[in-house]
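Going line by line, the protein sequences match chains B and S. In terms of this note's numbering, the first sequence has 28 at position 28, counting the first letter as 1, and numbering is strictly consecutive. In terms of this note's numbering, the second sequence has 439 at position 439, counting the first letter as 1, and numbering is strictly consecutive.
Possibly wrong hints are sitting among the right ones.
Where chains are identical, the list cannot tell them apart; a pair therefore holds if satisfied intra-copy or between any two copies.
Unchecked claim - Straight line, CA to CA, 25 Å or less: simulated SDA-like cross-link-like pairs of lysine to any residue:
{"#": "1", "residue 1": "K202", "residue 2": "R213"}
{"#": "2", "residue 1": "K202", "residue 2": "T215"}
{"#": "3", "residue 1": "K434", "residue 2": "T2"}
{"#": "4", "residue 1": "K202", "residue 2": "E222"}
{"#": "5", "residue 1": "K202", "residue 2": "L216"}
{"#": "6", "residue 1": "K41", "residue 2": "A161"}
{"#": "7", "residue 1": "K438", "residue 2": "R256"}
{"#": "8", "residue 1": "K263", "residue 2": "A302"}
If you're looking for bench data, these hints aren't it; they were derived computationally from the structure.
There are 2 protein chains.
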Amino acid sequence: MTAALVVASNRGPITFDEDGMPRRGSGGLVPALRGALAHTKATWIAAAISPGDRARSGMVADAVEGASVRLLDIPPEEFGPYYNRLANRVLWFVHHYLFDAPRTPVYDQADDEAWDAYRSVNRRFAEAIAEEAAEGATVLVQDYHLAVVPPMLRALRPDVAIGHFWHIPFAGPDYLRLLPDSWNRELMEGLLGADLVGLQTKRWASAFAACARSTLGASASERRVVRDERTVKIGVFPIGVNPDDLAEAAASPDVRAAREALKRWLGDRTLVLRVDRTELSKNVLRGLLAYEELLSRRPDLAERIVHLALLQPSRHDVPEYRVYTEECVALAARIEERFGPDVLRLEISDDYARTLAAYTLYDVLVVNPVFDGMNLVAREGPVLNRRDGVLVLSRNAGAFEELGSAAIGVNPFDVAETTAAIATAVDLPASERKERAKRLRRAARGKTPGRWLDAQLKALR
Amino acid sequence: MTAALVVASNRGPITFDEDGMPRRGSGGLVPALRGALAHTKATWIAAAISPGDRARSGMVADAVEGASVRLLDIPPEEFGPYYNRLANRVLWFVHHYLFDAPRTPVYDQADDEAWDAYRSVNRRFAEAIAEEAAEGATVLVQDYHLAVVPPMLRALRPDVAIGHFWHIPFAGPDYLRLLPDSWNRELMEGLLGADLVGLQTKRWASAFAACARSTLGASASERRVVRDERTVKIGVFPIGVNPDDLAEAAASPDVRAAREALKRWLGDRTLVLRVDRTELSKNVLRGLLAYEELLSRRPDLAERIVHLALLQPSRHDVPEYRVYTEECVALAARIEERFGPDVLRLEISDDYARTLAAYTLYDVLVVNPVFDGMNLVAREGPVLNRRDGVLVLSRNAGAFEELGSAAIGVNPFDVAETTAAIATAVDLPASERKERAKRLRRAARGKTPGRWLDAQLKALR
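Looking at chain B on its own, in the form it has when it is part of the complex (with noise of 0.2 Å):
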């Protein structure tokens, strides 16, 4: 009990490989939040995730720029479950809209044992904070891994704080309802066990209050839910990037000579850039297909045009996410097959200096997910860009809300809306490219980590 902040989320700011040495974690809540804790002592806590993390699980003292870094060690027939099955599977799907309704979801028993550990593993958490957080303390739950910790902990603590951000779009309330009722009843229960839910945007606002309403039969507005005679505020906190953290990184060695290749490779083409996890809801498949539509509709770019798409794999333990992948390779080779081998290369590997490298190279940066919580590529990019590269970015990301209108913006159903984006990107003047680079610039600049963290504690306080 000594944190005056604890910070909660499924995965930690570092991650320990077999022989103990640290490495950076992965995802964009991470590099968020790292940045973020720079400034305020900290407790924070987070599932071991490796064989390494496990080894060292307990407290490990001033593990990240001043925070403390506690790992739980979750037994892995639990963390399966609530990790693969019930948070991706389950809950990524129905926030991104991701299922197929007529036949998907069908739950069975695994989905009931997968939501008891889900359970579970949230009590994990609740009780860990409950431990670690000093007398009145702050207390962040990230994230849809973590929705039913604010009443556990709650229980445990009536005196701390709890602000609970939610970095994934939110369903509207009839999507909602492809949970079972008693999950959803409890998932939005959860969320309003917190004092304070934070969302990315006014729009994942608007539905959780809408949900609130549907589910709970709560007063809901875009600013509050009133609730058994407790209120709940509801607050709007983009979350950013840190430019100097980025630009520290994109000065190492590694970086410089992934670029040197990188620009080898590209000479004088035009380089159509996109970066995603291989995510059912990064929309890879219609991006791929815009692409496609615009080398047959627009033959003099087959020559000078390149589309380098660098996707992360992610999680290949949930079959949905291989078929799509696989989906992915094989429209890339057909589009290869048609126009030949020079005007794509779709690869699929976790090269953080590459990915750095070809942000500051792109003409056009194409971020198309069908729904996106904020998107950080959107932001990351057009920081690090120094070819006032243009941005086609879905109206259904996040980060659109501010970003919006020095990109182009795109329907990311519409292919043909897709196709004609990139064109115009690639055809865009460049004294107009120019000052949509400076715009964009500005808008991925303001929000920090540490503007982000702050608003939440103020709006707590």
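Given the structure of chain B, go ahead and fit chain S onto it with the hints provided.
This is chain S only, laid out in the frame that chain B set:
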């Protein structure tokens, strides 16, 4: 320009066969509106569907109980894209949440042409209405086929009062964005060209208001939308069935014969019935899965229960429907293979007499659509049933708002809950069956088409 009331719908109240003989129209809307027009002087405008219709397109006086019918001859090359592609594949899918969003929809040029055809057919309707409507007439435009009629009609005839009734669910604003932005806007502007937009339930009205805010930035509550200084009323008008018509139809010799045949086949077994079109929204697959699970958990039932699934063929021009129907047939075959040929009978045919006969005989009626504007099977069944049959009803059917408390409610995505609900229904003591059936009958008979029509006319005055 003679009709004080004009009704416009894609499908008319009658259709003509090749010999010019009239037949009743099918679909839920037609019987509902046919009853409603019995006491009002009106002209009904609809598309000519059959070759017989097309031969008789033009004015048919006194065709249906005092209402004149005018069938519009729409060129097949326009009707196909309008009806099969745009209305039934795009609009139906989006409002019932039927897409597999990571992959579909992908719009292509044929879809753009279909949207043009949709607009063009809507214009034909608007022009025909403008010709028929008397000065200051009331016009009731029906359903998702004719969403953009209102502003076209208003431009031609500013003197008429326009109601639009939307028979199907209304998608939430995020899901509505699966439409290309321009269609989304045109659709919402189309509906808001009316003076009154009617929906089946408060839930769909709330979604419609949310879409008006999200798509058009309108100021909207569940009662009205204000935009460009015009106020459009939103009304909730649950559609019902005419118990007298149903009783009359059920008393016919055809139905009596069908009833005797079904009784002989049924013997003393318990009848679990479903009646649906072969429609992706009807959730036949999960209904069959629930029945399979019931047989597996309750071997005692296999000998004394039978599931009759009466499926009317629907939209076999749409590939998704053929695939879905095949999946249903394959699943039924698997169940018969596992539990014997006597536990299940899946029939794909359009036998109205057999359907009415089955209504009188069921012990359990399963109505579990993933989403459904109202669902008239849930009303027709209880009105005709003579065995105190129990209704298992999806909470996502509009009918649930009025019938839910007397039915056994299910989340249609939750197969385990559906299994349990059918088991509960089968096991229900006679006294509770009787009491529930009585309340069901009362609720199911409550909303006649006449009252539905009157309420809209009153709201338009």
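Going through the hints against the structure:
no. : hint         : in the structure
1   : K202 to R213 : both (17 Å within a copy, 13 Å between copies)
2   : K202 to T215 : both (20 Å within a copy, 14 Å between copies)
3   : K434 to T2   : neither (50 Å within a copy, 63 Å between copies)
4   : K202 to E222 : both (8 Å within a copy, 20 Å between copies)
5   : K202 to L216 : both (21 Å within a copy, 16 Å between copies)
6   : K41 to A161  : within (16 Å within a copy, 66 Å between copies)
7   : K438 to R256 : within (23 Å within a copy, 78 Å between copies)
8   : K263 to A302 : within (18 Å within a copy, 70 Å between copies)
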